[in-house]
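Asker: Sequence:
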Amino acid sequence: MFTKKTKMMFLVLFLGVLFFTVKFNAADLLSYSPAFPW
Numbered sequence: 026m027f028t029k030k031t032k033m034m035f036l037v038l039f040l041g042v043l044f045f046t047v048k049f050n051a052a053d054l055l056s057y058s059p060a061f062p063w
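Going by our numbering, the residue at position 11 of the sequence shown is 36; the numbering climbs one at a time, nothing skipped.
If you are wondering where the hints come from, they were derived from the structure by calculation, not from laboratory data. Mixed in with the good hints, there may be bad ones.
[Unchecked claim] Okay, derived cross-link-like pairs now, SDA-like style, lysine to any residue, Cα gap no bigger than 20 Å in a straight line: (1) 48 to 38; (2) 29 to 39; (3) 30 to 47; (4) 48 to 29; (5) 29 to 40; (6) 32 to 42; (7) 32 to 44; (8) 48 to 32; (9) 48 to 37; (10) 32 to 43; (11) 30 to 48; (12) 30 to 46.
Use the sequences and the hints to build the structure in full.
Answerer: So, in structure tokens, the structure goes:
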């Protein structure tokens with residue numbers, strides 16, 4: 026059913042979504058944290 030290419034595509038898509046979620050959450054946490062002036 027699933028080819029190797031399809032699995033790789035889903036993996037890349039999943040990692041991309043995960044990466045952006047972590048990135049935006051980290052940016053929000055940093056912007057609200059008093060320890061980081063920026």
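Asker: Hey, residue 48 versus residue 38, does the alpha-carbon distance stay inside 20 Å?
Answerer: holds (15 Å)
Asker: For the pair supplied as a hint, residue 48 and residue 32, confirm whether the alpha-carbon distance does not exceed 20 Å.
Answerer: violated (24 Å)
Asker: Would you check the hint for residue 32 and residue 44, treating anything up to 20 Å between C-alpha atoms as holding?
Answerer: Answer holds: residue 32 to residue 44 is near 18 Å, not above 20 Å.
Asker: Checking one constraint from the list: CA of residue 29 to CA of residue 39, max 20 Å. Satisfied?
Answerer: holds (15 Å)
Asker: Taken at face value, is the distance from the CA of residue 43 to the CA of residue 32 at most 20 Å?
Answerer: holds (16 Å)
Asker: Hinted pair, alpha-carbon criterion (20 Å max): residue 30, residue 46. Please report holds or violated.
Answerer: violated (24 Å)
Asker: Would the pair residue 48 and residue 37 pass a check requiring their Cα atoms to be no farther apart than 20 Å?
Answerer: holds (16 Å)
Asker: Given the hinted pair residue 29 and residue 40, is their alpha-carbon gap at most 20 Å?
Answerer: Distance ~16 Å between residue 29 and residue 40 Cα, so the pair holds.
Asker: With a cut-off of 20 Å on the C-alpha distance, tell me whether residue 30 and residue 47 pass.
Answerer: The given pair, whose Cα atoms are some 26 Å apart, is violated under the 20 Å limit.
Asker: Residue 32 and residue 42: Cα distance at most 20 Å?
Answerer: holds (15 Å)
Asker: Would you check the hint for residue 30 and residue 48, treating anything up to 20 Å between C-alpha atoms as holding?
Answerer: violated (27 Å)
Asker: Check whether the Cα positions of residue 48 and residue 29 lie no farther apart than 20 Å.
Answerer: violated (28 Å)
Hint check: violations occur at hints 3, 4, 8, 11, 12; the rest are consistent with the structure.
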